[in-house]
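Throw the hints in and build the complete structure from the sequences for me.
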Amino acid sequence: MSLGDDVLSFHRDLLLRSGLLLEASLEEQEGTLVVSMSGPDRDLMLQERAELLEAVQYLANRIFAGRLGETVRIVADCDGFRKRKEEELRQIAIRASEKVKRTRESQELGLMNPYERRIVHLAVAEQGDVTSSSRGEGYMKRVTIALAPRSG
Numbered sequence: 002m003s004l005g006d007d008v009l010s011f012h013r014d015l016l017l018r019s020g021l022l023l024e025a026s027l028e029e030q031e032g033t034l035v036v037s038m039s040g041p042d043r044d045l046m047l048q049e050r051a052e053l054l055e056a057v058q059y060l061a062n063r064i065f066a067g068r069l070g071e072t073v074r075i076v077a078d079c080d081g082f083r084k085r086k087e088e089e090l091r092q093i094a095i096r097a098s099e100k101v102k103r104t105r106e107s108q109e110l111g112l113m114n115p116y117e118r119r120i121v122h123l124a125v126a127e128q129g130d131v132t133s134s135s136r137g138e139g140y141m142k143r144v145t146i147a148l149a150p151r152s153g
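Count along the sequence shown from 1, add 1, and you get the number used in the working numbering.
Take these hints with a grain of salt, some might be off.
[Said to hold, decoys possible] Straight line, CA to CA, 27 Å or less: simulated DSS-like cross-link-like pairs of lysine-lysine:
no.	residue 1	residue 2
1	Lys142	Lys84
2	Lys100	Lys84
3	Lys102	Lys142
4	Lys142	Lys100
5	Lys142	Lys86
[Stated by the list, open to error] Restraint-style ranges between C-beta atoms, simulated for each label pair:
no.	residue 1	residue 2	range
6	Glu88	Pro41	21 to 27 Å
7	Ser19	Arg103	43 to 49 Å
8	Leu4	Ile95	34 to 40 Å
9	Gly129	Ile64	35 to 41 Å
10	Arg18	Lys102	48 to 54 Å
11	Gly111	Ala66	25 to 31 Å
12	Gln30	Ile95	30 to 36 Å
13	Glu106	Tyr140	17 to 23 Å
Please keep in mind that the hints were generated in silico from the structure rather than gathered at the bench. Keep in mind the model is a prediction, meaning the values are calculated, not measured. Note that the Cβ used here is the ideal one computed from N, Cα and C, for glycine as well.
So, in structure tokens, the structure goes:
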């Protein structure tokens, strides 16, 4: 069995044992194993800022860490939540970057997990003249967006 098969089997078993009425499917995207879940219990998976979805993703990555290459990661998604969340985070990063350029004052965003911070850092990097950094201890950290230092 391949790693993808094992990851999908893990998610299906977890859903079955938890009693959640959700189906899981797997898609490989650029070094990422994306497990998509959908079904009648999607609202349970996505309530409280998708805490259960985040926990499932974290657990899967921890369990399979020994078999995952450095460039492979597992993303758990439910009814397109990740794509919507990613676009929301990109828009927050763009608006904050524009405000930093306009006011010349740093902007600190709320607490984010590593996945969310990565999306924000990538979006800020595309804006030019601004930079971002993470601050804090532990899993959840804040992102600060500031003017990039001028070279020369």
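To see whether the hints hold, each was checked on the structure:
1. Straight-line distance between C-alpha atoms of Lys142 and Lys84 comes to about 21 Å, which keeps the hinted pair within the 27 Å bound.
2. For the given pair, Lys100 sits about 24 Å from Lys84 by alpha-carbon distance, which is consistent with the 27 Å threshold.
3. A threshold of 27 Å between alpha carbons decides the hint, and for Lys102 with Lys142 the separation of about 23 Å falls inside it, so the pair holds.
4. The straight-line distance between the Cα atoms of Lys142 and Lys100 is roughly 21 Å, inside the 27 Å bound, and the hint therefore holds.
5. Simply put, Lys142 and Lys86 have alpha-carbon atoms about 17 Å apart, close enough for the 27 Å limit, and the pair holds.
6. Restraint check, Glu88 to Pro41: a C-beta distance of roughly 25 Å satisfies the suggested window 21 to 27 Å.
7. Separated by about 47 Å at the C-beta atoms, Ser19 and Arg103 satisfy the suggested range of 43 to 49 Å.
8. The hint said 34 to 40 Å for the Cβ distance between Leu4 and Ile95, and at roughly 35 Å that hint holds.
9. Our hint of 35 to 41 Å for Gly129 and Ile64 holds, since their Cβ atoms are close to 40 Å apart.
10. Roughly 50 Å separates the CB atoms of Arg18 and Lys102, a value that falls within the hinted 48 to 54 Å.
11. Gly111 and Ala66 have their C-beta atoms about 28 Å apart, which keeps the hinted 25 to 31 Å range intact.
12. Between Gln30 and Ile95 the Cβ separation comes to about 23 Å, which falls outside the hinted range of 30 to 36 Å.
13. The hinted window of 17 to 23 Å between Glu106 and Tyr140 is violated, with their beta carbons roughly 28 Å apart.
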